[in-house]
Amino acid sequence: MIGIEAVTKKFGDSEILKKIDLDIQKGEIFTLIGPSGSGKTTLIRLINLLDTPTTGKIIFDGTETSAQEKARLSVRRRMGMVFQKPAVLNTTVAENVAFGLKFRGVEKSQIEKRVQAALGLVGLNDFSLRRAITLSGGEMQRVSLARAMVTEPDVLLLDEPTANLDPVSSEIIEDLILHINRELHTTVILSTHDMLQGQRLADRIGVIMDGRIVQVGTTNDIFYHPAGKDIARFVGIETILNGIVTTNDGGHATIDSGNAIFEAITTIPPGQRVMMYIRPEEVTIAIRDGDLPKTSVRNQLTGTIIKMVPFGPFVRITIDFGSPLTALVTRRSADELGLAVGTAVIAGVKATAIHVLPDTR
Amino acid sequence: MSEIIEGFLQAVNMIVTLNPDLLQIAALSLYISLCATLIAAVITIPLGGLIHFREFRGKQALITLIETLYSVPTVIVGLLVYFLISKSGPLGFLGLLYSPEGMILGQAVLIFPIILGLVISALSGISLNIRDTIVSLGATEFQGIFEIIREARFAILSGVILGFGRAISEVGVAMMIGGNIRGETRVLTTAIALGTGMGEFSLAMALGIILLAISMMVVFLMKFIARRYQP
Chain A
1 MIGIEAVTKK FGDSEILKKI DLDIQKGEIF TLIGPSGSGK TTLIRLINLL DTPTTGKIIF
61 DGTETSAQEK ARLSVRRRMG MVFQKPAVLN TTVAENVAFG LKFRGVEKSQ IEKRVQAALG
121 LVGLNDFSLR RAITLSGGEM QRVSLARAMV TEPDVLLLDE PTANLDPVSS EIIEDLILHI
181 NRELHTTVIL STHDMLQGQR LADRIGVIMD GRIVQVGTTN DIFYHPAGKD IARFVGIETI
241 LNGIVTTNDG GHATIDSGNA IFEAITTIPP GQRVMMYIRP EEVTIAIRDG DLPKTSVRNQ
301 LTGTIIKMVP FGPFVRITID FGSPLTALVT RRSADELGLA VGTAVIAGVK ATAIHVLPDT
361 R
Chain U
1 MSEIIEGFLQ AVNMIVTLNP DLLQIAALSL YISLCATLIA AVITIPLGGL IHFREFRGKQ
61 ALITLIETLY SVPTVIVGLL VYFLISKSGP LGFLGLLYSP EGMILGQAVL IFPIILGLVI
121 SALSGISLNI RDTIVSLGAT EFQGIFEIIR EARFAILSGV ILGFGRAISE VGVAMMIGGN
181 IRGETRVLTT AIALGTGMGE FSLAMALGII LLAISMMVVF LMKFIARRYQ P
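Chains A and U, in that order, give the protein sequences. Here my numbering is used: position 191 in the first sequence is 191, and no number is missing along the way. Here my numbering is used: position 98 in the second sequence is 98, and no number is missing along the way.
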């Protein structure tokens with residue numbers, strides 16, 4: 001649907017986007033995730049043709065977008081965009097939603113009908129005569145969504161649509177995005193710095209860091225097979241260990257991290273330096289009393305708890321086994337096991353839960 | 001002090017008795033300044049929109065120049081317009097000198113920079129978010145400028161009111177272009193200047209009070225109209 005070919009964007013001397021290549025498929029939800037300031041907004045604005053790339057091409061539905069304002073306008077009119085900061089014009093909700101249709105010269109009677117339908121989509125039918133600036137942030141963002149959708153765009157762009165919203169409003173917006181994609185088959189491009197939101201919404205994810213697309217893949221690819229240390233950190237993998245492959249028996253390898261020997265699944269041959277990524281929710285914790293338990297979990301690491309941080313219904317526990325290892329357990333199980341800083345524990349990690357990548361340094 | 005009280009009483013008396021001289025002068029003042037404001041506003045609002053929307057070299061310098069011209073002395077404008085429309089001037093053939101139309105032109109020129117500058121400033125006050133939203137919704141340049149002007153309508157109105165205030169209260173242009181001809185180009189401010197010169201302080205005071213009363217009515221009216229046009 002949209003092709004981005006070798007796109008760079010400079011503002012003055014600083015290069016915000018560095019040779020971006022992307023291909024967005026018709027009908028998918030493509031999520032751009034990356035830290036603040038990585039270039040997400042700049043890229044989405046380029047796709048919406050609000051700005052022009054310094055070099056490179058943007059291809060919309062098979063045709064390269066031109067530099068001529070008239071042609072850009074007609075392409076722009078096939079997209080809808082929701083900005084990070086909810087922005088409404090100082091008039092009624094209905095008139096706000098009507099703008100896109102008004103600009104396209106749609107008949108008045110048609111406008112009224114379609115505005116009501118769009119407000120119905122976001123559940124704001126009763127708000128049509130309210131002054132838009134008196135709404136809450138979440139409601140304004142729903143108005144923005146209705147305003148973008150009323151023109152029935154081929155592509156819906158959302159730039160961190162929930163970054164300024166409370167959790168309840170965010171959930172409403174997320175549900176609406178899924179609904180729009182699944183029921184209306186609108187192609188959705190969404191940017192977020194919230195990797196969990198990316199995980200919830202995306203068919204495919206593009207990770208953008210420091211102006212470069214560093215990995216594109218399915219949610220599973222990105223969260224369980226990150227292509228590098230920075231990506232791993234960003235997607236919430238806290239434990240990253242260095243090691244050397246010592247044996248490899250048909251893909252079942254042993255890796256020496258210096259403090260412990262790990263078993264993991266990888267094709268990397270013996271002698272190679274590797275990095276091991278372990279997601280905190282993949283680490284189990286047992287109390288250490290006497291012998292090691294009999295279990296299918298291949299890696300049993302003995303250590304002591306050095307840090308416990310509450311995290312919603314979970315507790316993030318850091319265990320020192322010579323190196324730090326982070327586990328995410330429910331608060332209830334932490335309470336029942338009587339876990340505290342200083343408790344001697346055994347951390348379990350299945351061989352399949354360790355993601356191994358060659359150490360490129 | 002007694003002049004003020006006397007002036008106030010005389011003002012009330014002149015208004016209540018519908019003094020024909022006063023009515024003519026007040027009506028002419030209002031006519032000239034409203035026309036000047038209207039002409040200046042009709043030109044400056046879209047022009048301000050264009051200056052705000054377009055990026056070009058020297059934009060900031062232009063805006064600084066416009067803002068500098070806020071404080072141009074009325075007599076300088078009077079002098080320039082005088083050259084322009086006097087018999088030997090380029091617009092001399094129009095015969096505008098010592099006519100109300102000439103005064104309208106002079107006042108329009110005088111308040112042009114104020115309204116233009118305040119329109120640009122009002123538009124700059126609209127957040128970039130709103131501007132982006134409008135462009136993203138598929139507005140043409142013209143539609144975009146129109147909507148942003150609408151969004152900034154209250155701030156723009158303040159600029160227009162200020163322009164009107166400067167027009168109706170100025171003496172320089174009215175005196176130099178109009179000539180203070182009784183029954184033809186005499187307006188409130190020139191009548192006040194003349195009255196003071198002739199020692200008729202309470203008459204001057206009365207005219208001053210009436211001028212302020214007229215201004216107040218115009219401001220109320222503009223605000224009323226603006227409020228009618230909001231949803």
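Where hints are given, some of them may not hold.
To be verified - With a Cα cut of at most 25 angstroms, we get these calculated SDA-like pairs of lysine to any residue:
hint	chain 1	residue 1	chain 2	residue 2
1	U	Lys59	A	Lys19
2	U	Lys59	A	Lys85
3	A	Lys19	A	Leu50
4	A	Lys10	U	Gly58
5	A	Lys19	A	Gly211
6	A	Lys108	U	Arg153
7	A	Lys10	U	Leu128
8	A	Lys108	U	Ile149
9	A	Lys108	A	Ala67
10	A	Lys108	U	Lys59
11	A	Lys102	U	Leu30
12	A	Lys85	U	Leu212
13	A	Lys85	U	Ala226
14	A	Lys113	U	Gln143
15	A	Lys102	U	Ile130
16	A	Lys70	U	Ala226
17	A	Lys70	U	Arg54
As the list claims (entries may be wrong) - With beta-carbon atoms standing in for the labels, derived distance ranges:
hint	chain 1	residue 1	chain 2	residue 2	range
18	U	Pro73	A	Ser74	31 to 37 angstroms
19	A	Gln25	U	Phe56	48 to 54 angstroms
20	U	Phe56	A	Glu112	27 to 33 angstroms
21	U	Glu141	A	Leu178	51 to 57 angstroms
22	A	Lys19	U	Asn129	25 to 31 angstroms
23	A	Arg104	U	Ala27	31 to 37 angstroms
24	U	Leu9	A	Lys102	54 to 60 angstroms
25	U	Thr140	A	Phe311	25 to 31 angstroms
26	U	Thr140	A	Asp21	58 to 64 angstroms
27	A	Glu64	U	Thr140	43 to 49 angstroms
28	U	Asn129	A	Phe311	52 to 58 angstroms
29	A	Arg332	U	Phe154	45 to 51 angstroms
For the record, the hints were derived by calculation from the structure and aren't laboratory data. Because the structure is a prediction, the values reported are computed rather than measured. Beta carbons: idealized from backbone N, C-alpha and C, even for Gly.
How the hints compare with the structure:
Between Lys59 of chain U and Lys19 of chain A the CA atoms are separated by roughly 32 angstroms; this puts the pair beyond 25 angstroms, and the hint is violated. A threshold of 25 angstroms between alpha carbons decides the hint, and for Lys59 of chain U with Lys85 of chain A the separation of about 28 angstroms lies outside it, so the pair is violated. Between Lys19 of chain A and Leu50 of chain A the alpha-carbon distance is near 19 angstroms, which keeps this suggested pair within the 25 angstroms criterion. At roughly 22 angstroms between alpha-carbon atoms, Lys10 of chain A and Gly58 of chain U fall within 25 angstroms of each other, so this suggested pair holds.
In summary, the hint linking Lys19 of chain A to Gly211 of chain A is supported, as the alpha carbons are separated by about 8 angstroms, within the 25 angstroms threshold. Pair hint Lys108 of chain A plus Arg153 of chain U holds up; C-alpha atoms about 24 angstroms apart against a cutoff of 25 angstroms. Using a Cα cut-off of 25 angstroms, the hinted pair Lys10 of chain A and Leu128 of chain U holds, with the two alpha carbons roughly 20 angstroms apart. With a CA separation close to 22 angstroms, the supplied pair Lys108 of chain A and Ile149 of chain U stays within the 25 angstroms bound.
Between Lys108 of chain A and Ala67 of chain A the alpha-carbon distance is near 32 angstroms, which puts this suggested pair outside the 25 angstroms criterion. Restraint check: the Cα-Cα separation between Lys108 of chain A and Lys59 of chain U comes to about 39 angstroms, which exceeds 25 angstroms; the hinted pair is violated. The straight-line distance between the Cα atoms of Lys102 of chain A and Leu30 of chain U is roughly 38 angstroms, outside the 25 angstroms bound, and the hint therefore fails. Proposed proximity of Lys85 of chain A and Leu212 of chain U is contradicted: the alpha carbons are some 44 angstroms apart, above 25 angstroms.
Restraint check for Lys85 of chain A and Ala226 of chain U: not satisfied, since their Cα atoms lie roughly 28 angstroms apart, outside the 25 angstroms limit. Distance hint between Lys113 of chain A and Gln143 of chain U is fulfilled; the C-alpha atoms sit about 22 angstroms from each other, no more than 25 angstroms. Distance hint between Lys102 of chain A and Ile130 of chain U is fulfilled; the C-alpha atoms sit about 16 angstroms from each other, no more than 25 angstroms. Distance check on the hinted pair: Lys70 of chain A and Ala226 of chain U sit about 34 angstroms apart at the alpha-carbon level, beyond 25 angstroms; violated.
With a CA separation close to 16 angstroms, the supplied pair Lys70 of chain A and Arg54 of chain U stays within the 25 angstroms bound. Distance hint for Pro73 of chain U and Ser74 of chain A: a CB-CB separation of about 51 angstroms, inconsistent with the stated range 31 to 37 angstroms. Distance hint check: the CB atoms of Gln25 of chain A and Phe56 of chain U are about 41 angstroms apart, inconsistent with the given range 48 to 54 angstroms. Hint check: Phe56 of chain U to Glu112 of chain A, Cβ distance near 40 angstroms, so the stated range 27 to 33 angstroms is violated.
At roughly 36 angstroms, the beta carbons of Glu141 of chain U and Leu178 of chain A sit outside the given window of 51 to 57 angstroms. Between Lys19 of chain A and Asn129 of chain U the CB atoms are about 29 angstroms apart, so this pair conforms to the stated range of 25 to 31 angstroms. Between Arg104 of chain A and Ala27 of chain U the Cβ separation comes to about 47 angstroms, which falls outside the hinted range of 31 to 37 angstroms. The hinted range of 54 to 60 angstroms is satisfied by Leu9 of chain U and Lys102 of chain A, whose Cβ atoms lie roughly 56 angstroms apart.
Taking the beta carbon of each, Thr140 of chain U and Phe311 of chain A are about 50 angstroms apart, not inside 25 to 31 angstroms as hinted. Taken as a hint, the range 58 to 64 angstroms is violated for the pair Thr140 of chain U and Asp21 of chain A, whose Cβ atoms sit roughly 32 angstroms apart. For the pair Glu64 of chain A and Thr140 of chain U, the beta carbons lie near 22 angstroms from each other, so the given range of 43 to 49 angstroms is not met. Between Asn129 of chain U and Phe311 of chain A, the C-beta spacing of about 33 angstroms breaks the proposed range 52 to 58 angstroms.
At roughly 57 angstroms, the beta-carbon separation of Arg332 of chain A and Phe154 of chain U lies outside the given 45 to 51 angstroms, and the hint is violated.
Hint compliance for this structure: hints 1, 2, 9, 10, 11, 12, 13, 16, 18, 19, 20, 21, 23, 25, 26, 27, 28 and 29 are broken, all remaining hints hold.
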